[in-house]
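2 protein chains.
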Amino acid sequence: MSILVVGSVALDTIKTPFGSCEEELGGSAAYFSVAAGHFDKVHMVAVVGTDFPTQHVEFFKERGLGLDGLQSMEGKTFRWHGEYGFELGEAKSLLTSVNVFEHFHPVIPVDLRDTEYVFLANIDPTLQMEVLEQMESPKFVACDTMNFWIMGKREELLRTIQHVDALILNDAEARQLTGEPNLLKAAKGIIAMGPKMVIIKKGEHGALLITPEFKFSAPAYPVELLFDPTGAGDSFAGGFVGFMARCGECCEDTLRLAVMYGTVMASFAVERFGVKRLAELDTFSILDRLKELKKLSEFEIQPM
Amino acid sequence: MSILVVGSVALDTIKTPFGSCEEELGGSAAYFSVAAGHFDKVHMVAVVGTDFPTQHVEFFKERGLGLDGLQSMEGKTFRWHGEYGFELGEAKSLLTSVNVFEHFHPVIPVDLRDTEYVFLANIDPTLQMEVLEQMESPKFVACDTMNFWIMGKREELLRTIQHVDALILNDAEARQLTGEPNLLKAAKGIIAMGPKMVIIKKGEHGALLITPEFKFSAPAYPVELLFDPTGAGDSFAGGFVGFMARCGECCEDTLRLAVMYGTVMASFAVERFGVKRLAELDTFSILDRLKELKKLSEFEIQPM
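Chains as they are written, first to last, in our numbering: chain G, 28 to 331; chain H, 28 to 331.
Be aware that one or more of the hints could be misleading.
[What the hints assert, rightly or not] Reference listing, derived: stretches of chain H covered by chain G, where coverage requires no fewer than 3 residues with Cβ under 8 Å from a Cβ of chain G: (1) 278-289; (2) 311-317.
[Stated by the list, open to error] In silico DSS-like pairs for lysine-lysine, Cα to Cα no more than 27 Å straight-line: (3) K321(G) <-> K42(H); (4) K223(H) <-> K321(G); (5) K229(G) <-> K242(G).
I should point out that these hints are in silico values taken from the structure, not numbers from a laboratory.
C-beta atoms are modelled at their ideal positions from N, C-alpha and C, and glycine is treated no differently.
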């Protein structure tokens, strides 16, 4: 199977209590692709400006990513400046220059329109819908979103998520979308809006997968060297959709394991600025961490 | 084995978005004892006033609790008034009348001084230490605390926890005690203070058990009918210490499972006001929920 992702490619300038970086390769499509690329062929649909360093294009090529959908437009690449406090919770956005992204409309190359696995990264739900309208009945569509769209483009978002299999969002967003503080009720409310399943990301507390048939609670990997949380969610989605595409089917066991592969990829992403840590992984390091996570949450029942 | 708990017995008046109760039997020792009583013999050391309803004493007796250490003092029983908002997070304390608790000093009846399992519920660390000084080398001591003592009686608390096997506290308290936002680092910092292990309770996000030898991440039971969070932590401790005492040994498998039994008891406690839900449980309902939790977090590894 192969995967198509639509999202941002950005140059990030980030400050955390542990260091800082400037014009680091980032953006949702970049994190997702490098993570998912460990599992299957990924095609990126995104836009960069004419100032986008060729070394990053080379890097994408080396990763084996399909770049036919990567548009280059006159102007500057999306830039984001963010800062994290001591607790590494939510980032403080210091600057968001959308630049070429302002006029971006995703164009899916004709021979990619039958791609079976699609990830709609966190972009305007109108653009997410434009993508879906160009696709020929994908097998599995996962979709991310954020408070900005939940507040500002609620109608458009509700329309988009009617067509997705999995909505991936964090706990605060799930509560915001439904007005329901109880996460389980929020998840059920979201499923009533259209998606077949919901994944609620809880950062350092792991993730929940809720479907009408079953619930799965994934522990987070206890990262001691949490360096920069940027891109954790997109890396999670990369592991999740990547493994789903690799398996090519959507049974309960596959979904549970896909959430765990997502957890693994997110845990690596946060150990370094940008996508560097994700890029250096191999199958063994990924599997080792998965085994660690299994050990972390395992217990054997013994009657009282 | 048998268990000794020192803590409060209170009459709680609570308001949640789902209802309210007045003068409900509560307090850390009550929640703990009713939960732990499903696993082993529990002796309560606490104080009540002369106004304490005899029906509650009868209830304790029916539960098979040892009451030789339950003092009755001239005056009123500890009362707490609390209110929870829509999100059922931290309670807003409206009134705390310590009453007879003000002059309480725990006296351990002579024939209970060799009790092997001890739980020091969330009371003044000076009183916790008074208990330990009366005990004859218990096999396993677990201890709870809170922000109030971490701030106000730090030295006393640090002294007490040097003598405990397991410190049980919530994530905010672990961070506060150590000044370390990363929970894993905070746990290691606490172990360096003396306890052999730390359990960090994360409410709806489950719990972490950290020892120098291993880590265990327990999922929370996704409670849809979260009614009143009061007593969840003490019920957790009841399941944890209760199962430890029942097993009589302290290996890794037992500890993991004990955390899960704690999780089970907490998940029941929050379904109703007071200790009523805990009291009506039987072995089957406890085991069923444990199995549900196992299913909730289970996944099988399959290579990428």
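Item to check | Check of the stretch 311-317 of chain H against chain G for coverage (Cβ-Cβ below 8 Å, three residues minimum) | outcome: n = 3 at 8 Å, threshold three: holds.
Next on the checklist: Between the stretch 278-289 of chain H and chain G, are there enough contacts, at least three residues with CB-CB distance under 8 Å, for the coverage claim to hold?
Outcome noted: holds (count 6)
Checklist entry - Between K229(G) and K242(G), does the CA-CA distance stay at or below 27 Å? => result 15 Å, holds
Checklist entry - Are K223(H) and K321(G) close enough, with their CA atoms no more than 27 Å apart? => result 24 Å, holds
Checklist entry - When you check the alpha-carbon spacing of K321(G) and K42(H), does it fall within 27 Å? => result Outside the cut-off at roughly 40 Å; violated.
In summary, the structure is inconsistent with hint 3 from the numbered list given earlier, while agreeing with all the others.
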